[in-house]
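S.K.: Spelled out, the chains give:
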Amino acid sequence: MDDDKTFKALGDPSRRKILDLLCEKNGRTLGQLCAHMDMKRQSVTQHIGLLEDANLVSTVKRGREKLHFLNPVPLQTIYERWIRKFEQQRLSLLHELKTELEGDQDEQ
Amino acid sequence: MSSEKTTFVYVTYIRATQQKIFDAITRPEIAARYWGHGNVSDWKVGSRWEHVRDNEEKKVNIAGDVIEIDPPKRLVISWSDPSEYDNRDKHSRVTFDLVPYEDMVRLTVTHDELEAGSGMASGISKGWPLVLSSLKSYLETDEPMDVFANPCATETAA
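Residue numbers (my numbering), protein chains in the order written: chain A, 1 to 108; chain B, 109 to 266.
No lab work stands behind these hints, which were simulated from the structure alone. Beta carbons are placed, not taken as given, at the ideal position from N, Cα and C, and that holds for glycine. Check the hints yourself; a few may be wrong.
To be clear about the criterion: a stretch of chain A counts as covered by chain B if any three or more of its residues have a C-beta under 8 Å from a C-beta of chain B, and this derived list gives those stretches [said to hold, decoys possible]:
| no. | region |
| --- | --- |
| 1 | 55-61 |
| 2 | 65-73 |
| 3 | 76-86 |
Turn these sequences into a full structure, and let the hints steer you where they fit.
M.R.: Structure follows, in structure tokens:
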């Protein structure tokens, strides 16, 4: 269920750009993010709302400013569930191939 | 010496009580299960705490001071390479905030006062997502993640 939100939030280039911007420099204000986005402030706010809802962005109030931080914890969960599993499969295939090929060499 | 400081904020929602999460951070035998390390201290303000690898070597990988403790809601500690423990200027700061959220607890880990671009900053930004994800998995499903796993099996995490 949480994964659905994460994937949905990631399924948009503008939202991915916001994550990239925060990865480059964490703790930006809305204004600082808007300066890099080619869209209305209101749209940026909506995208950030979806990212916050998916827990990919967290905010901290500092004085009158609200700072936005990249929160990669849900990405880690997806990595564990959807990437590492398949990576290991691929690595074990490579390992088998290597063993097989090297085994052939020994026989020559 | 003043250099640019950086902050990271990590948030995870865990289906467990504040007390269980607080214990999982402060009790070494529990942390060993999902972190591969125990956080060892008497947890009194001003005391030293150590992040100790859970193996025979028992290497201390991080050390710092307990700055503030309010179980099971809040813990603030300083954080440094053990070789730099005596130089308080080199310490960064980690704050754990545990707030009930519906049937879950919102755990926020704020790591600030970090030297921008330092090896420590780069290390913790890889480490925290893994540790928090493993903590969540351990408390909710009793299945921690392998925090030392590497995709290419070429190096071992410190």
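S.K.: Please name the hints from earlier in the document that this structure breaks, with their numbers sorted from lowest to highest.
M.R.: Hint check: nothing fails, all pass.
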